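Generate coordinates for the entire structure from the input sequences, incorporating the hints supplied.
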Amino acid sequence: MLLIDCPFCGTRPETEFRCGGEAHIARPADPSALDDGAWAEHLFVRSNPRGLHAERWVHAHGCGRWFNAVRDTFTDRFVETYKAGEQPSHPIDDARA
Amino acid sequence: MLDRSLFARRDRPLGAAPTSNDRARVSPAPAGVRLSLRVRGAEGLSRLGLGLAINRMSAEGERFSARLGPNEWLLGAGEADLEALEAEIEAALGDRFHSVVDVSHRNVGLEISGPDAAAALNAGCPLDLGDAAFPAGSATRTLLGKAEIVLLRPTAEPLYRVECWRSFAPYVHAFLVEAARTA
Amino acid sequence: MAQPFRLPSGGRVDRATPIRFTFDGRTIEGFAGDTVASALLANGVHLVGRSFKYHRPRGILTHGSDEPSALLQVDRGPGKIDPNNRATVVEARNGLATTSLNRWPSLGFDVGAVNDLLSPVFVAGFYYKTFMWPRSFWDKVYEPVIRAAAGLGVAPQVPDADAYANRHAHCDVLVVGGGPAGLAAALAAAKTGKRVILADEQPEFGGSLLHETGASIDGQSAEAWRAAAIEELDGYESVTLLPRTTAFGYYNHNHVALTERVTDHRESPAKGAPRERLWQVRAAEVVLATGAHERPLVFADNDRPGVMLAESVRVFINRYGVAPGRRIVFVTSGASAYAAAADAKAAGLEVVMVDLRPERDCASEAADLRLMGVEVLTGQTVIGTKGRKRVAGLVVAPCANGTVGARRVIACDCVGMSGGWTPAVHLFSQSRGKLAYDEGRDAFLPGVSAQAERSAGAAAGVYDLASCLATGFAAGAEAAGATETRAFAASPTRIGFTPVRDLPTDADPAKVRAFVDFQNDVTAKDLKLAMREGFESIEHVKRYTTTGMATDQGKTSNMNALGIVSKALNRPLPAIGTTTFRPPYTPVTFGALVGPARDALFDPIRATPIHEWAAEHGAAFENVALWRRAWYFAKPGEDMHAAVVRECRAVREGVGLFDASTLGKIEVVGPDAAEFMNRMYVNPWTKLGVGRCRYGLMLKEDGYILDDGVVARMAEDRFHVTTTTGGAPRVMNHMEDYLQTEWPDLDVFLTSTTEQWAVIAVQGPKARDVIAPLVSGIDLSNEAFPHMSVREGAICGAPCRLFRVSFTGDLGYEINVPADYGRAVWEAVFAAGEPYGITPYGTETMHVLRAEKGYIIVGQETDGTVTPDDVGLAGMIAKAKKDFVGKRSLARPDVVASGRKQLVGLATETASLVLDEGAQIVADPNQPIPMKMLGHVTSSYFSANCGRSIALALVADGRALMGRTLHVTTPTGFAPATVCDPVFFDAEGGRIHA
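Residue numbers (our numbering), protein chains in the order written: chain A, 2 to 98; chain B, 30 to 212; chain C, 124 to 1117.
The hints are simulated quantities; they were obtained by calculation from the structure and are not laboratory data.
Predicted model only: the values in this text are computed from it and were never measured.
Just the calculated beta-carbon pair ranges, DEER-fashion:
1) 162/B - 279/C: 39 to 45 Å
2) 764/C - 19/A: 40 to 46 Å
3) 107/B - 1039/C: 52 to 58 Å
4) 119/B - 763/C: 51 to 57 Å
5) 78/A - 360/C: 32 to 38 Å
6) 899/C - 119/B: 25 to 31 Å
7) 87/A - 266/C: 57 to 63 Å
8) 762/C - 119/B: 55 to 61 Å
9) 46/A - 1039/C: 34 to 40 Å
10) 117/B - 764/C: 55 to 61 Å
11) 748/C - 107/B: 30 to 36 Å
12) 375/C - 119/B: 44 to 50 Å
13) 78/A - 1051/C: 53 to 59 Å
Heads up, the beta-carbon is just placed ideally off N, CA and C, and yes, glycines get one too.
If you want it as structure tokens, here you go:
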């Protein structure tokens, strides 16, 4: 069981959280302006890296807040967590931590 | 006018009998008022516990205020206190955007107390309930076994208040009774 | 004489407290403090089991949790039977009934022993090679036979009668292992005031100190030091001592799982005490002081009962006061066995020492032992053993440079063997730490840590007592954030060994069975065969030969197996690597893992405030998510069908009463509430008046239906949203997600009120008449309170939100009252309705009535791939809205393409035939297979009100097929059915506005 650092509540056990997939994929302001390919890309295509990955998490059984985390998908280590709307301090395009 | 004999009375989901145990005692809490208060940007306000840090609570008599998140408070009061509490909220927040929802019947309270109370809670609650990590005045939403609860520690006494949703109350109660027995 | 092999003095057993238990029906006497193994040995019982494959007689190999052979079924009473207990860890006490395993009809005479004679057949990979042909034998013959022969012990037949507890715990320093290193670590950590948990699998702390009776520490006896250390630790409020507690799993972020055996050792446990407690410890830092396991030597017939590990011989003598034999031959390739031999000699037993090393490599210890009058042979090899069910002699021969000299048989009744030591790095490896092979110690040692953890003492390859204490202390201090170190003065420890693999022999190699893995009956020959057949990866060798598997996970065998593989492949040991260590370290009961989560505590069972009333009135219940919902209310003599027919008629003709409390409810509050609703639902909300309701349809971003429900506008800035029962949490999460992450600028808050409100649906032509006398403050007239509106008032004096809505197609109300008033109001409505024949109904009738009206149920008519248009609800979509969740996807090519499945009704040609839900639909039942499927039945019932069966279905381009006859699969073939409008009852819809 992992420990996850909720930006509001501090370190809590994994069972209180749920993961919401890749972070920083903003819903387009005007979806009707996207062609079918671009919309399908937005809906279905995710990066799925081996290494650092920015993810959405929600402290479902805690403060209920959504936030973001950078996690290494290979080691399962959380590198950092930060509030929704903020940017990670780690460059997430790089490979492994 | 409806015959008063037909007036409905509150019917709580748990019996009132406490389960005694030398080391951990579990007892259903009486019915009361619970309001879910949501407000953003309450920094600087102090009434109603609005100045509390996240996961902290204050209590006085039957009144309590627990800050469960950045913009969420659980307010508690005695049954007769609803209107006064609502008036105080209006006075404190005025035109500031906020939401008050009555959840008095949604929430059911239990108390667990005694030297093994924390150990019994830890049968299903994964949090560190030690005095340093969860001191007097702590309050948080968390898990107890397979149920979500709000866990409140009003004082330094080994007395914890567990609030859960109504239909989870029999499970939470039975879980705590079993946990108190085997702690 | 009872306990003929009990030594006259010594040991930690309580000679004043005799105990009795049974072994295969025979009464065994022992003393409190004995294990089952030590008590058996005290009575001269060495034959305790038959081996897994060959049914060879097996004895007691070790004194601890690494025991591969002495496995017993332990019976502590009804519902308290466990197979595969290691005799070396089960504490002996009155009332235990123990039984040997894997023998029939008896341990002494075992028919399965014929397997031993057939051993040339049962080679490595036997199963893979033998049970291949003919194919028809696979499930008829091979599987039943293999299943009958496989496994050890008998599975219990009745539910476990014990209670099991669970505990989450946090500490600063978790010390695993309470031997000298662990005790020193705990002492160092405890001094800092940090929270310390010290766990050890033994009943007493001390580890090797419990049998190092001659050792001294800092000028005191080891025992005095041990007692003082425990007393000091016990004095700290911040220290938790957990004896009888095994750390079995090391997971992420220093999450360590331990099982505490609370009551098994007690004859009459405290009432209510759990049998075991699972500790889930989250430690800031972990010290692993898990010790080391002694290696057996690999020679022919080394599995003979009476052959055990040298250190175990010493433990039985020193700790339990038991002589495992009167004439003991020790055979060793290292120094530690000399301490065992010296102690055996001191206990008055006959001792011979056989050292595999040449004289020059063991001169010092050999000289010391000879001084005690013990014969020491050096430069030897072992050819085999004599005896059958008990060792009677050890056959040795001098051996130099591979040349085996003249054999000599040393008569004995016990052999103590030592092939060196293997640090117990299991937990370290589980923590994902990297192991590093150390050639000097011929062992994999903890290398780079992956977590906040450190190893100390023998677990780190440190065998000398003073160094164990010092490394333990330093590790404990460091784990607690201190820098203190301490030197300990301790009596010297005999350490060092020469690694040996299988011992040289001059015997016919075809006839030599030298066991590597005692539990799985894997011999050195099996390993070599596997390699000849091309299995070179150690992970493959393990799976092909089964070495290192089963309950002991190869604690005694792994290094010997690796060494033999390394030698056979002529590759250095580190190049072979080691197999992965996985939890659990030792077997864990299912009970401990399950904990309290059984029976009523398995899952929360959610019941509504009206549940008890329904139960009292004969309701059958069905599970909907975690809820129990009243399904139907059968009267005496009625079956479900009859009850549902009656309930359906009652609602259409009079009035029915339904508990809808489980519906999800969300209070949406804030100045931007309508805007938020506009974005979340397909429908328009801006113009919905206060006091009005609307059926809302919610999509996921992919355009498919997520949920639906009636939404009421309570105020300009307040909506009362309802969801499906099962969808409540999902919808709340979906809304919160968008609100927080996409539109944090909206001034809206969401609060779940599912359980704040009990919901009582009063449905049917007489509904208004029934509730009218109970309601105050609301004008119920059709004009003042039309269909799809909501009013706040009181019912029976309780505040209520009264909805005029209907999921039946008839006049109806849904009374929302605060939950604690639910039952009282329900009873009042029921009483008021009695003159009208009010009929409580359950979910089945609700389903039938809504299907008569063609109303969908999300999750029944929809399956996550269904759009609003597919179910004929495109009209709900607000055309003017530029955007809402899912809108863009409704224009995706595959969503607008023709051929999509559409909701239609199906009328079977045989009016009484009720189709199966899920049945497939085809146009022509005579077409060749595979047939073209047009769709499937989603709902199907017998409708008393329609006088026939009705069905809803999703059919490709179904709306264009009205009046066509299609064919639906049935258990016996196909049934013809006509495509029709999904509304079967009151197509004009007048009744709902009555």
